[in-house]
Amino acid sequence: MEIKRHEQEKILSHAVEYGNTVYLAGIVAKDLTRGVKGQTEEILGEIDRLLAIAGSNKSRILSATIWLTDIRNRPAMNEAWSAWIDTRNLPARACVEAKLADPGMLVEIALVAAK
Amino acid sequence: MEIKRHEQEKILSHAVEYGNTVYLAGIVAKDLTRGVKGQTEEILGEIDRLLAIAGSNKSRILSATIWLTDIRNRPAMNEAWSAWIDTRNLPARACVEAKLADPGMLVEIALVAAK
Amino acid sequence: MEIKRHEQEKILSHAVEYGNTVYLAGIVAKDLTRGVKGQTEEILGEIDRLLAIAGSNKSRILSATIWLTDIRNRPAMNEAWSAWIDTRNLPARACVEAKLADPGMLVEIALVAAK
Chain L
1 MEIKRHEQEK ILSHAVEYGN TVYLAGIVAK DLTRGVKGQT EEILGEIDRL
51 LAIAGSNKSR ILSATIWLTD IRNRPAMNEA WSAWIDTRNL PARACVEAKL
101 ADPGMLVEIA LVAAK
Chain U
1 MEIKRHEQEK ILSHAVEYGN TVYLAGIVAK DLTRGVKGQT EEILGEIDRL
51 LAIAGSNKSR ILSATIWLTD IRNRPAMNEA WSAWIDTRNL PARACVEAKL
101 ADPGMLVEIA LVAAK
Chain P
1 MEIKRHEQEK ILSHAVEYGN TVYLAGIVAK DLTRGVKGQT EEILGEIDRL
51 LAIAGSNKSR ILSATIWLTD IRNRPAMNEA WSAWIDTRNL PARACVEAKL
101 ADPGMLVEIA LVAAK
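Protein chains in written order, with this note's numbering: chain L, 1 to 115; chain U, 1 to 115; chain P, 1 to 115.
Chain L on its own, in the form it takes in the complex (with noise of 0.2 Å):
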């Protein structure tokens, strides 16, 4: 089955798709002056473009993976979530605390989505 990469730069690709199925990276906020429901709502912003690139769209996520780097934002990093996902087609997902690459991150997303 064919890989197609996109957006490589230097360490990663922001999307990978193999065959039917696409992997995101990790993708954090680039305003990171924002609190945590504006830095997911970038975020998620950025998966709507990243999945469009992949040929897949947020009605197709499998599943995703949620870092924190204070898991007491979990309501807020869900405000913007629950407005943005389609409520139809719900992902599996996890939401854990880690920290982030930098101290002004509050939220990383990574997820695995079908074309």
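No lab work stands behind these hints, which were simulated from the structure alone.
Idealized CB from N, CA, C, for every residue including glycine.
Please note that a few of the clues may not be correct.
[What the hints assert, rightly or not] Below, a list of computed lysine to aspartate or glutamate pairs in the EDC-like style, where the Cα atoms sit at most 20 Å apart:
1) Lys99/L - Asp86/L
2) Lys115/P - Glu2/L
3) Lys99/U - Glu2/P
4) Lys115/U - Asp31/U
5) Lys58/L - Glu2/U
6) Lys99/U - Asp70/P
7) Lys10/P - Glu2/U
8) Lys58/P - Glu9/L
9) Lys4/P - Glu2/U
10) Lys4/L - Asp70/P
11) Lys4/U - Asp86/L
[Claimed, not checked] A few chain L residues that face chain P, going by a derived Cβ cut-off under 8 Å, partial list only:
12) Met1
13) Arg5
14) Trp67
15) Leu100
16) Ala101
With chain L's structure known, arrange chains U and P on it following the hints.
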């Protein structure tokens, strides 16, 4: 390929089938009065139930990710894991420390399985 | 589709093939006297070995998850990663902080690859 989503609730599905692959959400115990071994036993029972719904079973697990709130609980988690897992059909596995959604949750397990 | 499990030991397999996809366990270094760059080099060598056993190689990696016990070690880990990875075929990647099974382990890498 067809996507089938099982037990959708508000923000996630507990199991998602895609073709011949099954993705389970991060599963946690409901009875948080139990220690790490007891919580792991409850989670593994829930995994049995979800895999059955999705047309799979524990002998078909491909990969598992395990989060412990205290990595020193790994031996107690492994007691329950070792008693449960099909030792002739062991999955790839990673086990790391992470805080979880509720302070009483001691372990969370997500996995990918074959149908 | 057929499942092939490689190097099963007690609680996990080090590599699992399913159809044309390969799942590697979270790989850690054996020589814990080395720093994060050295441990990463050992892990990447082990990944080369396991991917070869499973009929894949580093140019076919789809997605990688990297855990560092101290996220400030990301640059040192990336030195080893950048020297090793096929820069024309970069995987999706997420890198977060997490304590690992042994206090001496500084980095752990799990991944999914295409055959």
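Tested hints:
Under the criterion of a C-alpha separation no larger than 20 Å, the hint pairing Lys99/L with Asp86/L is inconsistent with the structure, at around 28 Å. For a cut-off of 20 Å, the pair hint linking Lys115/P to Glu2/L stands: about 10 Å separates their Cα positions. For the hint pairing Lys99/U with Glu2/P, the CA-to-CA distance comes to about 36 Å; that exceeds 20 Å, so the pair is violated. Proximity of Lys115/U to Asp31/U is assessed by CA-CA distance (about 29 Å); at most 20 Å being required, the pair is judged violated.
At most 20 Å may separate the alpha-carbon atoms for a hinted pair to count; Lys58/L and Glu2/U meet this at roughly 15 Å. Between Lys99/U and Asp70/P the CA atoms are separated by roughly 16 Å; this keeps the pair inside 20 Å, and the hint holds. Restraint check: the Cα-Cα separation between Lys10/P and Glu2/U comes to about 35 Å, which exceeds 20 Å; the hinted pair is violated. With a CA separation close to 17 Å, the supplied pair Lys58/P and Glu9/L stays within the 20 Å bound.
A C-alpha spacing of about 24 Å is found between Lys4/P and Glu2/U, which places the hinted pair above 20 Å, so the restraint is violated. Between the alpha carbons of Lys4/L and Asp70/P the distance comes to roughly 32 Å, so the proposed pair goes past 20 Å and is violated. At most 20 Å may separate the alpha-carbon atoms for a hinted pair to count; Lys4/U and Asp86/L meet this at roughly 14 Å. Taken as an interface hint, Met1/L checks out: its beta carbon lies about 6 Å from the nearest beta carbon of chain P, inside 8 Å.
With a cut of 8 Å, the hint placing Arg5/L at the interface with chain P holds, because the nearest CB-to-CB distance is about 6 Å. At about 5 Å, the closest approach between the beta carbon of Trp67/L and any beta carbon in chain P falls short of 8 Å, and the interface hint on this residue holds. Here the hint on Leu100/L is kept, as its CB sits about 6 Å from the closest CB of chain P, short of 8 Å. Against a cut-off of 8 Å between C-beta atoms, the interface hint on Ala101/L holds, since the closest Cβ of chain P lies about 6 Å away.
Hints 1, 3, 4, 7, 9 and 10 from the earlier list are contradicted by this structure; the remaining hints agree with it.
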